[in-house]
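Trainee: Sequences and hints are given; from them, build the entire structure.
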Amino acid sequence: MSKIVLTVDDSRTMRDMLMLALGDAGFTVVQAVDGVHGLEVLESMAMPDVIITDINMPRMDGFGFIEGVRKSERHRATPILVLTTESDSVKKERARSAGATGWIVKPFNPDKLIDAVRRVAA
Amino acid sequence: MDPLEAIKVTFFQECEEQLSELESGLLAMEQGETDSETVNAVFRAVHSIKGGAGAFSLEPLVRFAHVFETTLDDVRAGKLAPDNNVVKVMLRAADVLADHVRAARDGGVVEEARSQELASALEALNGEAPLAPIASEDFDDMPGLEFTPLTVSDDDGIGDDFGFTPLAAGIIELEPEGPALRRWTVHLRPKNALYAKANETGLLLRELKRLGDIQVSIDPADLPGLAELEPEHAYLSWTIVLTTDRSQSDIQEVFEFVDGDCDLTITADDVPSSLPAMGEASIDEPFDVMALIQQAQADVQAAPAAAIMAEILAPAAPAPVFAASAPSIPVPVAATAAAAGVAPDAAHGAAAQQATIRVDLDRVDRLIDLVGELVINQAMLAQRVTESGVPRSSNIAMGLDDLEHLTREIQDSVMAIRAQPVKSVFQRMPRLVREVAAMTGKQVRLVTEGEGTEVDKTVIERLTDPITHMIRNAIDHGLERPEVRVAAGKGPEGTVRLSAAHRSGRIVIEVSDDGKGIDRPRVRQIAIDKGLIEVDSNLSDEDVDNLIFMPGFSTASSVSDISGRGVGMDVVKRSIQGLGGRIAITSRPGQGSTFTLSLPLTLAVLDGMVVSVCDHTLVAPLTAIIESLQPKAQDVRAIGPDAYVIAIRDTYTPLIDVGAVLGYRTTPLDPTKGVALLVEGEGGARAALMVDAIQGQRQVVIKSLEANYRQVEGIAAATILGDGRVALILDVDNVVAARRREKARSDAKLAAAG
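Protein sequences, first through last, are from chains V and H.
Residue numbering for the first sequence follows our numbering, beginning at 1 and increasing consecutively.
Residue numbering for the second sequence follows our numbering, beginning at 1 and increasing consecutively.
No wet-lab data here; the hints were simulated from the structure.
Just so you know, not all the hints are guaranteed correct.
Here are the simulated BS3-like pairs of lysine-lysine, each with C-alpha atoms no more than 27 angstroms apart in a straight line [claimed, not checked]:
| id | chain 1 | residue 1 | chain 2 | residue 2 |
| --- | --- | --- | --- | --- |
| 1 | H | Lys191 | V | Lys91 |
| 2 | V | Lys91 | H | Lys530 |
| 3 | V | Lys92 | V | Lys3 |
| 4 | V | Lys71 | H | Lys191 |
| 5 | H | Lys703 | V | Lys106 |
| 6 | V | Lys92 | H | Lys191 |
| 7 | V | Lys92 | H | Lys79 |
| 8 | H | Lys457 | H | Lys79 |
Here the structure is a predicted model, which means the values were calculated and not measured.
Mentor: Here it is as structure tokens:
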């Protein structure tokens with residue numbers, strides 16, 4: 001059975017790129033458009049194996065989303081990768097202290113992305 | 001299409017959305033709305049563009065967006081106050097960013113000087129010395145050797161590992177064709193935080209195993225007794241002996257995500273190992289941690305840890321083990337409540353998000369075409385039924401009536417799909433105003449109203465040019481320079497108002513300014529100089545104002561680079577008429593001018609009056625018709641061999657025989673035998689069109705005559721009627737004008753003869 005990845009990003013371009021790369025690698029991709037939507041989708045979807053989230057998003061940003069996931073009994077142990085454009089150590093650290101498992105630096109190439117997903121996926 | 005290319009198309013579409021978000025956000029900031037939501041939205045727009053541009057390696061765009069983003073980040077962080085000056089620079093930067101996006105999309109380049117100027121202006125705001133922005137990012141991305149984070153464990157503080165990085169590199173240099181195997185010892189002591197972030201020791205072991213052969217041992221010395229054991233705490237230490245040809249930084253990279261969340265030492269054994277067989281196991285095969293743990297279990301009960309390990313390392317059969325360990329995880333009640341609190345909001349948000357879908361325009365157009373065919377077919381069917389003599393009250397006829405209602409509703413709904421707010425056109429105008437204002441040295445404020453007014457997409461697409469031109473004109477010709485305005489008792493800043501509204505089934509767009517108004521004596525003089533009117537013409541103020549719509553008229557004494565693009569108001573007027581619209585002007589000296597455009601909401605259907613002329617069926621647009629009447633002999637006066645006027649309520653109106661204008665007949669129709677349609681043409685001029693008879697009123701689907709045949713004088717388009725025949729749709733303005741031209745020619749002939 002293919003692994004399930006939830007991607008949370010407000011940019012359609014980025015969602016499409018993630019979908020393309022992950023889909024080609026055989027993952028099943030579920031998409032959400034911001035943090036609030038992401039938490040909602042999580043409630044109704046099958047357990048994702050990995051969550052990938054952007055940081056800058058309207059309504060609820062990536063930090064809030066990660067904290068929300070970690071508070072959820074069902075998903076607190078789900079690996080979360082954050083997408084960061086700036087290899088900005090401050091943002092990375094903030095994401096980690098919110099509970100992020102790892103990170104992917106944008107722009108990513110598909111191999112790097114898949115490698116990061118594989119590294120954290122059980 | 002290549003999927004990546006398709007995403008690129010999406011990216012550029014999204015860029016346009018982000019750019020308009022950016023602009024409206026900045027404009028809001030200009031009005032003093034500097035709350036964090038607005039600033040964040042502006043930041044996100046630029047950030048998003050940069051992110052996507054990076055994915056497609058659009059370097060100049062990334063570079064500029066990066067500088068812009070840095071400034072916005074300062075504003076967001078409260079380091080830079082978004083005062084008027086700052087916002088003005090950012091608005092101009094937004095324009096340049098838009099140029100970069102379009103250059104990237106259309107394969108052009110943005111003028112380097114301009115881009116650099118704005119980039120420098122932005123950097124000046126940051127208070128930073130200008131530096132090549134991309135360089136700083138590359139620097140961040142570079143896994144510089146001296147930065148390789150060799151984590152040293154807190155307790156033993158072994159620092160002598162540092163020497164090995166250059167050594168490893170040296171080996172690779174010396175023996176590039178056959179890297180030597182080395183043995184490394186990795187000590188790993190996870191902290192609680194490692195597991196809290198959903199990292200797993202088992203996965204780290206799996207990664208290490210990809211690098212080479214590993215031997216793992218567990219030190220359970222820190223495990224407390226079951227009574228004191230916290231199920232979620234980390235107690236085990238791991239020692240891994242790794243035999244690999246990879247460098248230390250490769251090993252280090254495995255622990256990248258857990259940096260700081262574990263104690264880690266990596267030491268190399270100085271003696272190169274004797275080469276052990278790499279083993280038959282495939283790389284992804286889970287490492288057998290269970291055996292190790294079972295060994296440890298001999299001493300200590302470490303059941304929860306074992307269960308979790310097993311779950312990770314044996315993905316083939318994780319379920320029962322996980323089920324066993326799950327109850328041991330404490331239930332965070334507060335978190336559940338918090339999640340529940342979020343839910344209603346989330347549901348609402350999701351609904352809002354899903355309220356729109358993107359559809360390829362081709363599909364909508366095809367649907368519209370099909371519905372058009374449906375309407376025609378329905379009409380034909382109705383006609384056949386009527387012809388077959390089925391009584392009106394029969395079930396068939398009544399069913400057909402219902403069908404007609406449905407068809408009409410389908411048609412309206414389909415048309416609504418294409419309807420879009422004029423916002424997309426309006427939001428291009430602030431930039432235009434800024435540019436023209438800068439070029440002319442005038443101070444201009446643009447006020448827009450009714451941006452949400454919806455109109456068919458094809459109409460919107462063709463509105464941009466006319467509106468652009470009218471706004472240019474309003475600033476260039478309408479508004480005065482600041483000092484002139486002040487002298488005239490006005491504020492130095494002129495106002496250009498752009499508004500849209502629905503009015504009686506049409507959209508009305510107004511462009512007005514509070515400038516000097518039309519200089520009528522000058523307009524009149526120019527028209528005389530250019531031979532457009534006679535010296536002694538008796539013209540009303542309105543007539544003079546309308547002279548600016550005449551071809552070849554231009555009031556600019558020098559061809560400025562703003563309005564003087566070789567198109568005048570005559571072109572604007574023609575393009576508006578091409579859309580089935582009208583344009584009118586009102587002006588008051590010293591107080592400004594207003595241009596009013598009135599356009600149909602759609603170009604696909606038309607309410608028409610079906611008439612007969614010489615056995616031909618024609619359709620006259622209902623919007624042009626004021627009334628229809630049967631001329632009485634005493635009201636009609638001949639004013640020449642073949643020209644008539646008709647008295648309608650004490651006003652003489654030219655009577656135009658449509659059949660003669662279209663060349664259907666040479667002998668004019670006896671006015672008393674036909675029907676006159678009183679129509680209002682361009683600029684409000686009225687005329688009465690003579691037709692043989694009126695058949696009825698009907699909505700018709702417009703089929704382009706130009707696309708299927710060619711342009712015909714006096715004919716706007718064609719349609720297919722219920723009986724399957726093609727009927728031509730009259731271009732009322734053109735028919736009236738044609739008649740005038742003809743009259744002018746015959747007048748000239750008469751004058752020459754006399």
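Trainee: Hint by hint, note whether the structure agrees.
Mentor: Hints versus structure:
1. Lys191(H) - Lys91(V): Roughly 22 angstroms separates the two Cα atoms, so the pair holds.
2. Lys91(V) - Lys530(H): The hint is violated at about 68 angstroms.
3. Lys92(V) - Lys3(V): Since the Cα atoms of Lys92(V) and Lys3(V) sit roughly 25 angstroms apart, the hinted pair holds (cutoff 27 angstroms).
4. Lys71(V) - Lys191(H): The given pair, whose Cα atoms are some 19 angstroms apart, holds under the 27 angstroms limit.
5. Lys703(H) - Lys106(V): violated (50 angstroms)
6. Lys92(V) - Lys191(H): Answer holds: Lys92(V) to Lys191(H) is near 19 angstroms, not above 27 angstroms.
7. Lys92(V) - Lys79(H): Holds - the C-alpha atoms of Lys79(H) and Lys92(V) are around 21 angstroms apart, at most 27 angstroms.
8. Lys457(H) - Lys79(H): Violated. Lys457(H) to Lys79(H) sits at ~43 angstroms, over the 27 angstroms cutoff.
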